[in-house]
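Peer 1: Here is what each chain is made of, one letter per residue.
Protein chains: 6
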Amino acid sequence: MSVVVKVSGKLFDEETVDSLNALREGIRGLIEEGKRVAVVTGGGATARRYIGKGRAMGANESMLDLLGVWASRLNAYLLSFSMADVSYLKVPESLEEFIHAWTSGKVVVVGGFQPGQSTAAVAALVAEASNSELLILATNVDGVYERDPRLFKDAKLIPRLTTKELSDILETSQSVNAGGYELLDPIAIKIVNRSKIKVVVMNYNKLSKLREVLKGKDISTIIEPA
Amino acid sequence: MSVVVKVSGKLFDEETVDSLNALREGIRGLIEEGKRVAVVTGGGATARRYIGKGRAMGANESMLDLLGVWASRLNAYLLSFSMADVSYLKVPESLEEFIHAWTSGKVVVVGGFQPGQSTAAVAALVAEASNSELLILATNVDGVYERDPRLFKDAKLIPRLTTKELSDILETSQSVNAGGYELLDPIAIKIVNRSKIKVVVMNYNKLSKLREVLKGKDISTIIEPA
Amino acid sequence: MSVVVKVSGKLFDEETVDSLNALREGIRGLIEEGKRVAVVTGGGATARRYIGKGRAMGANESMLDLLGVWASRLNAYLLSFSMADVSYLKVPESLEEFIHAWTSGKVVVVGGFQPGQSTAAVAALVAEASNSELLILATNVDGVYERDPRLFKDAKLIPRLTTKELSDILETSQSVNAGGYELLDPIAIKIVNRSKIKVVVMNYNKLSKLREVLKGKDISTIIEPA
Amino acid sequence: MSVVVKVSGKLFDEETVDSLNALREGIRGLIEEGKRVAVVTGGGATARRYIGKGRAMGANESMLDLLGVWASRLNAYLLSFSMADVSYLKVPESLEEFIHAWTSGKVVVVGGFQPGQSTAAVAALVAEASNSELLILATNVDGVYERDPRLFKDAKLIPRLTTKELSDILETSQSVNAGGYELLDPIAIKIVNRSKIKVVVMNYNKLSKLREVLKGKDISTIIEPA
Amino acid sequence: MSVVVKVSGKLFDEETVDSLNALREGIRGLIEEGKRVAVVTGGGATARRYIGKGRAMGANESMLDLLGVWASRLNAYLLSFSMADVSYLKVPESLEEFIHAWTSGKVVVVGGFQPGQSTAAVAALVAEASNSELLILATNVDGVYERDPRLFKDAKLIPRLTTKELSDILETSQSVNAGGYELLDPIAIKIVNRSKIKVVVMNYNKLSKLREVLKGKDISTIIEPA
Amino acid sequence: MSVVVKVSGKLFDEETVDSLNALREGIRGLIEEGKRVAVVTGGGATARRYIGKGRAMGANESMLDLLGVWASRLNAYLLSFSMADVSYLKVPESLEEFIHAWTSGKVVVVGGFQPGQSTAAVAALVAEASNSELLILATNVDGVYERDPRLFKDAKLIPRLTTKELSDILETSQSVNAGGYELLDPIAIKIVNRSKIKVVVMNYNKLSKLREVLKGKDISTIIEPA
Ligand SMILES: Nc1ncnc2c1ncn2[C@@H]1O[C@H](COP(=O)(O)OP(=O)(O)OP(=O)(O)O)[C@@H](O)[C@H]1O
Ligand SMILES: Nc1ncnc2c1ncn2[C@@H]1O[C@H](COP(=O)(O)OP(=O)(O)OP(=O)(O)O)[C@@H](O)[C@H]1O
Ligand SMILES: Nc1ncnc2c1ncn2[C@@H]1O[C@H](COP(=O)(O)OP(=O)(O)OP(=O)(O)O)[C@@H](O)[C@H]1O
Ligand SMILES: Nc1ncnc2c1ncn2[C@@H]1O[C@H](COP(=O)(O)OP(=O)(O)OP(=O)(O)O)[C@@H](O)[C@H]1O
Ligand SMILES: Nc1ncnc2c1ncn2[C@@H]1O[C@H](COP(=O)(O)OP(=O)(O)OP(=O)(O)O)[C@@H](O)[C@H]1O
Ligand SMILES: [Co+2]
Ligand SMILES: [Co+2]
Ligand SMILES: [Co+2]
Ligand SMILES: [Co+2]
Ligand SMILES: [Co+2]
Ligand SMILES: [Co+2]
Ligand SMILES: [Mg+2]
Ligand SMILES: [Mg+2]
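Respectively, the protein sequence lines represent chains A, B, C, D, E and F.
Quick note on numbering: the first sequence equals residues 11 to 236 in the working numbering.
Quick note on numbering: the second sequence equals residues 11 to 236 in the working numbering.
Quick note on numbering: the third sequence equals residues 11 to 236 in the working numbering.
Quick note on numbering: the fourth sequence equals residues 11 to 236 in the working numbering.
Quick note on numbering: the fifth sequence equals residues 11 to 236 in the working numbering.
Quick note on numbering: the sixth sequence equals residues 11 to 236 in the working numbering.
Just to be clear, a hint being listed does not mean it is correct.
Identical copies look the same in the list; a pair holds intra-copy or inter-copy alike.
Below, computed lysine-lysine pairings styled on DSBU-like, alpha-carbon distance capped at 30 Å [claimed, not checked]:
id: 1; residue 1: 227; residue 2: 206
id: 2; residue 1: 174; residue 2: 200
id: 3; residue 1: 206; residue 2: 163
Worth flagging that the hints you see were computed from the coordinates, not collected in a lab.
Given the structure is predicted, the values throughout are model-derived calculations rather than measurements.
For reference, chain A alone in the conformation it holds in the complex (with noise of 0.2 Å):
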């Protein structure tokens, strides 16, 4: 069995290395079960950085996606090359290569592939390709909530729902600011759905514990193909 981890370009933001390695204890962790793992890396503010500059410089839509893209890869050279035993050393730069090399055996980090696609939608793909039946998004709120709980502090978290219901909370939740659809775009629905993908939404805090999370023993939400 093989599990995908997508995380969040926040991860890469913060100030320590901490959740860093509690992500690689967690990835260490799901090898020792004998699970292969893929593992997707947002851009975050590098890829923010990168993206406002070259839009000041004239740059076009096509190519600021691109700037995202190779920020969010540089996020996972830093992760493969900091568990060089096990990774495949090399950033996959299309769903054709990751499906590649894949078959080494290796853990595979990659970050985004192309334009007009967010790192989700690529964590999905991958979640596919590599017949996984369980994705996991770690990001930087506890699950998915009712409304944004950046926005409101009082949201409340959901602990189980359907790809369905989803999509019906982020288009609320996610429309009142631009960046729109973070946690799941709808190409990353549709693959999820087609290919009855299981999705859990949980704390990057907590990766180091992700054993205990996937069995229920930690808050997250479960999203369920539908």
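Using the hints, position chains B, C, D, E and F with the ligands against chain A.
Peer 2: Just chains B, C, D, E and F with the ligands, lined up with the frame of chain A:
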């Protein structure tokens, strides 16, 4: 100025090469006008045949999509090799590769890029990355209709509409058949909107008269970003 | 020990995937016996269709051959994706790429390599480079006949012959039709001879019983290098 | 004639894109004069941040250097994408790739090539391979000083010196800080000497007036190979 | 119009670079006439030395051929780097890579492509793919002789013959020595015939007077496809 | 644990393959001990011959170095193909490619990486990137001497010294001949120091007794980082 022509895979399913030759004439006409041209080819019946066999053999959804992608690339090679004096002669396999290929000054022909993505989305990305102001969708009907013209013989063609209006029509007209969103999918519409690309839908049988169609001398549908 | 199976492109033209599934069973059987397997796929009707269109559009002979090569690679991807747990999942495009891919320990599936070269020659090269002692040619007839069995219903199968004898037969039997040398062309024969590779010609409908055929329990032709 | 501009990574750390825009103007000015231009970008603060995190996570020195290399490539993409009409749009990852890219006639932008090598060494190699007679080092000080000007406010600028004299100064002035040899390292000096390349050190804030600086109308340091 | 020059590997074995310089002059002459030029280089003594060592060390036949291919590529790089202002500066490793390289407008230099294939076959493929009407074989004799001129001092040169006649001569004259078919092997002849390419065999010492030779002002052999 | 063996290009210049076979035996011995092995090959006489011709033809210094790099890669292919059962069979062309190749678990053989860099520097980089604790320099003398042993027959071998001491010796002993720094250049020394890699210099004729040499049972020089 540059133009992107997206041709339906159905063009490659026809018995004769007459429409393909018309496409080449249309492209040469644009070049003579001093325009640069990129072409995106659909997968057509070849794609459907290989996807059908792959499904019967148990390949996963990502790999089925990749079979469709490779079929569309075969169509792209056919077209590219048939105008060897002006074309790049290598079919780029990702937007990054397209962007580099585009700097060659040649006609660049691509098929699909990756799973989970229609060739219409590829065409929108290619138009955006190449700073094209015009995206031509050449297909087996004369333009956008109020309802799917294959199912409703009396459907009326709409000469001009916005992407917003198109989304509404496609949601209704295409919801009936499984394939869905054939002309422009949500990602394509998002790209076309964010980069203000004008879209013209026309019949590929009229490609040799492409300039006339673009001047409004023949039937087609013009879609304005909005 | 390793084995190379060259399958006629005609296998991919059939209505059902039964023979393709038999091929997979045959391959899995060989793997279970501890053998490594490489597969070379012909281009079949898809190749002929695209070459026909390319010719009608004026592509040169090299590019027509390349269309055939890409069609055979599409067949290779279909097979490769359909046994994703054991295959390399990337179709190598040259012998050098094959040689590297072979070090992965996976089943490597290739189509054609380059213009001016049959997939039988590719199969001989692949067998030589992988130090295989056996090359299986799986096709739509039961073995080598005294005359082309498609043209002469009463042609008699030859159970055992040398490459020298084969050359003589093919020169006569195949000289009638334009395509020429379908089973083994002169280059393939040269390679098979210089590296002393045993060749077995058999019907692809019997691929699920491959082991029986190899043990001589079913009809086939054995060609000894000489 | 061709010119290589090596820009300090510090240019990419600034709040605004003013200096980056000045760089582009400078490049366009050179192109208008009929010169070809290659650009090498340093890694700056992004490189230092990722190297710091990688070190905290236990990556080895080669991989830390590679993180710096990837950061400098991100800077290269930002610049390249911001002048899409004249640039190669792919950042070459080795000198061999640069040499090929250079034949395109475009502006080629590179970051680092490999571990154990400064971007100044890359710039010298790029200048040599492209038969450039001039290598411009654009940085955050006005030229070469008798002592490190960041540490000694009263250090005096040297308008003209030989590579031999530069080696002596850098050994003293740079030995104080760990990073060492920032302007030109021993390999860069060896290359610049063996191929007789003239080097000009100048402030990147003056890049829009590059032509004036090169004509000696503004402050800078000229280093003659010797 | 374009021309392919295939130079014997022996040219690279000579003590001096005089003949190599003559080759460059010949190429520049063709360019000045407005012709495009591709060059194919043989492997010569370097190839034989490495093949000999590889055989003594037990490498298989495919890999021995590859050593010869790499040696011919080394020759190709020498020539390519020595005319850096007009050449592509990357030696393509397959016909597909050549086809793409050819669109650059540069002189493209290649060595061998793959095992089981002579560089004469490579030259024929390159001529066909580039729609060249002329293939020049530059070697250490003055043309095609009735018998091998190295063995029979009084052998007579044949100024003009067909590929059919050449095949007959080569079969007799070359059967004596092991190497066989040195000038044009069966595949090269097949390609040259199917695409109606004219072949001229000449001495590489006369390459600086290439235009005179082509005008019939100096000795050579002209082979007409048939 | 892993070991890097850097073999002098002179090993490939010898008449017989005896020393090359000894190298293979040495490598197989290390593998049997459970060690992983990477090999770096020098360019030797082939490199010098091609560089000489390139210089006579006016190629620039970068391209002359590249000819040496390609010659060393030819040596690398010879060795790699001669132990096809354990080697990666593709010669990586950069450290990034090596790093990825190393994850395969195979013996990886490389030649040079880029201009301006000795194969000794390549070896140090490869040792660092692969976390090797030992770098063996196998050459045509028995170790490091007080003076260049080719010039001074009575020079005395130094059994153990630090990199600091080596730098001092090499500066004197090698300053006499133009090539300079043959054993370890400044970059190699910098890498070896920063990553604390132990270096052993030994005669390549003793490679079949490599284990004995490493145990101190035969003559060699041990260099400790410092
Ligand atoms: N209903 C909701 N429940 C949970 N989170 C929500 C909701 N609506 C919006 N969000 C926001 O989604 C964010 C999670 O997205 P995340 O940071 O993982 O995306 P990303 O694209 O990987 O990050 P980056 O762009 O920084 O690389 C949270 O920070 C949260 O504020
Ligand atoms: N409202 C509508 N107006 C026009 N066409 C519509 C509408 N609704 C559905 N369609 C269908 O969309 C089709 C055009 O899609 P097209 O064939 O270009 O897609 P494609 O994906 O490129 O093709 P392929 O999958 O064969 O490669 C038409 O054949 C038409 O039947
Ligand atoms: N003497 C003979 N014995 C057997 N088969 C013969 C003989 N002469 C001609 N053939 C023909 O050779 C064919 C086998 O070639 P095969 O179809 O395997 O080639 P292929 O190139 O792989 O196919 P494709 O081009 O369709 O991909 C048979 O269909 C048979 O008709
Ligand atoms: N004698 C000197 N004269 C001038 N500058 C010196 C001298 N000694 C040290 N320096 C330092 O060298 C620096 C220039 O190096 P520069 O920033 O261009 O290197 P870089 O490697 O490209 O940058 P980065 O690592 O940020 O990408 C100046 O900031 C200056 O402080
Ligand atoms: N003090 C010294 N001790 C040992 N060897 C020395 C010393 N000074 C110079 N040398 C020379 O260094 C040489 C070893 O370098 P080596 O041949 O390994 O370099 P290489 O670059 O790999 O070879 P090539 O360029 O032929 O590929 C010896 O032949 C020796 O003559
Ligand atoms: Co790989
Ligand atoms: Co290209
Ligand atoms: Co691989
Ligand atoms: Co290019
Ligand atoms: Co190119
Ligand atoms: Co690999
Ligand atoms: Mg985001
Ligand atoms: Mg066939």
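Peer 1: Going through the numbered hints above, which ones does this structure break? Give me the numbers in ascending order.
Peer 2: 3
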